[in-house]
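Enquirer: The chain contents come next:
Protein chains: 2
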Amino acid sequence: MKKMIIASTSTVHGSGYLEYLLPTLKDFFTEVKTILFIPYARPGGISYDDYTKVVEKAFQKINIDVQGIHQFTKPKEAIQNAEGIFTGGGNTFELVNQLYKKEVLSSLKEVLEAGTPYLGTSAGSNICGITMMNTNDMPIVYPPSFTTLGCIPFNINAHYLDPIEGSTHMGETRATRIKEYHVFNEIPVLGLREGSWLEVKRNTIILKGNYTARLFQPNKNPVELESGREVLV
Amino acid sequence: MKKMIIASTSTVHGSGYLEYLLPTLKDFFTEVKTILFIPYARPGGISYDDYTKVVEKAFQKINIDVQGIHQFTKPKEAIQNAEGIFTGGGNTFELVNQLYKKEVLSSLKEVLEAGTPYLGTSAGSNICGITMMNTNDMPIVYPPSFTTLGCIPFNINAHYLDPIEGSTHMGETRATRIKEYHVFNEIPVLGLREGSWLEVKRNTIILKGNYTARLFQPNKNPVELESGREVLV
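Residue numbers (the numbering used here), protein chains in the order written: chain A, 37 to 269; chain B, 37 to 269.
So that you can see chain A by itself, here it is in the shape it has in the complex (with noise of 0.2 Å):
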């Protein structure tokens, strides 16, 4: 029985690191007395312990302690033993590329759908779609797959955002380059704003936040969800 939060982000603007979630998070992690971080991601590129730093200071005010993925010398094993599991944002293509390297993909997925509680932001939602193809991040490196979790039946845009009024800027909206998407591949996608996340039991997942989220399916025009509501595809 999956048990997941997928969220668009870490962090919302003008308040701190996890801030926005920890009453949820509280909620949700009861019964996990210490978590396991993936900190794959490097977001800015900084190094695995100081990026687990951070993360203790986040989960120390919910009263849950913090282990490093890559303190393990067996990361497989560390997946099937946590009692709980967080992967942090920064930068997909790395992080998709290091769950390959270390061969911990398909264990990751396996104590998922098995139920071991799991957070994800930003790139560790994206990591919880079929594809991670549908990331914003800069292809830094070269992963051997864009094949990810699946434990959803759509991809994640993540930090979704609506097109600028007024741009003067020729770059392809988000929303663009979701349909270029859409012209080669027919996996829903959809596009969670900050502030916004998913939580998951079982297979039913519920939208939650203060805001709508855009979803995109081929052949169709997007469609706004209300927060509260079943996320349907």
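Since the hints were derived computationally from the structure, they do not count as laboratory data.
Mimicking DSSO-like on lysine-lysine, the simulated pairs with C-alpha atoms at most 30 Å apart in a straight line are:
(1) A:Lys-215 - B:Lys-138
(2) B:Lys-138 - B:Lys-93
(3) B:Lys-256 - A:Lys-89
(4) B:Lys-137 - B:Lys-110
(5) A:Lys-215 - B:Lys-215
(6) B:Lys-93 - A:Lys-215
(7) B:Lys-215 - A:Lys-137
(8) A:Lys-38 - A:Lys-110
(9) A:Lys-89 - B:Lys-215
(10) B:Lys-137 - A:Lys-215
(11) B:Lys-137 - A:Lys-137
(12) A:Lys-256 - B:Lys-89
(13) A:Lys-215 - B:Lys-89
Derived coverage of chain A by chain B (criterion: at least 3 residues anywhere in the stretch with Cβ under 8 Å from a Cβ of chain B; other residues may be distant):
(14) 70 to 81
(15) 162 to 171
(16) 176 to 184
(17) 203 to 215
Note that the structure is predicted; figures quoted are calculated from it, not measured.
Cβ coordinates follow ideal geometry from the N, Cα and C atoms, glycine included.
With chain A held as given, fit chain B onto it using these hints.
Expert: Chain B in isolation, oriented as in the chain A frame:
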């Protein structure tokens, strides 16, 4: 002897397709009667035919005919026989994917090194670098490699954007993404603003257009390069 124009964008705000570049292109392609167009990047997922029509219309204004590479049964020969070549923008992943699938990447490099005049815009400029790892595009397909033409000794970040002051969005800035890139890679990256382009003659690379460009190198502070000056890395 290389002869290339590597432009950040096809279109600047408030102006028609390629319009801002046409005076430059008229001189640049002075001996060219027909251009071979590579439409593989498919902006917004439009068809090769539709994309080629857009390009035809623009080049008509300077009396140059356009043929799409997809109109040839042997794309490699089309490249080898071309008087001039233009690769348009769109999705860099799909562009590189098709260049590999059609086995034309090495032929393209050969003719460019030998002096066939080349215009690239956006994705068509990204492929002039050593790798496509500094594209802003969404990874909507999985190309067999990120290695590109390497006609210049650095990578391109097209549509370069300065951080937006006062933004409340938590997604990474372009500069942060390139900094992350340099944690894993040594290749310098040139951030080309919309309206800027590079003119390559033999191995001399001059920045053109109204803007400075931002050069990122590992373990150094980024620097602004002046228009009209040689780009030395």
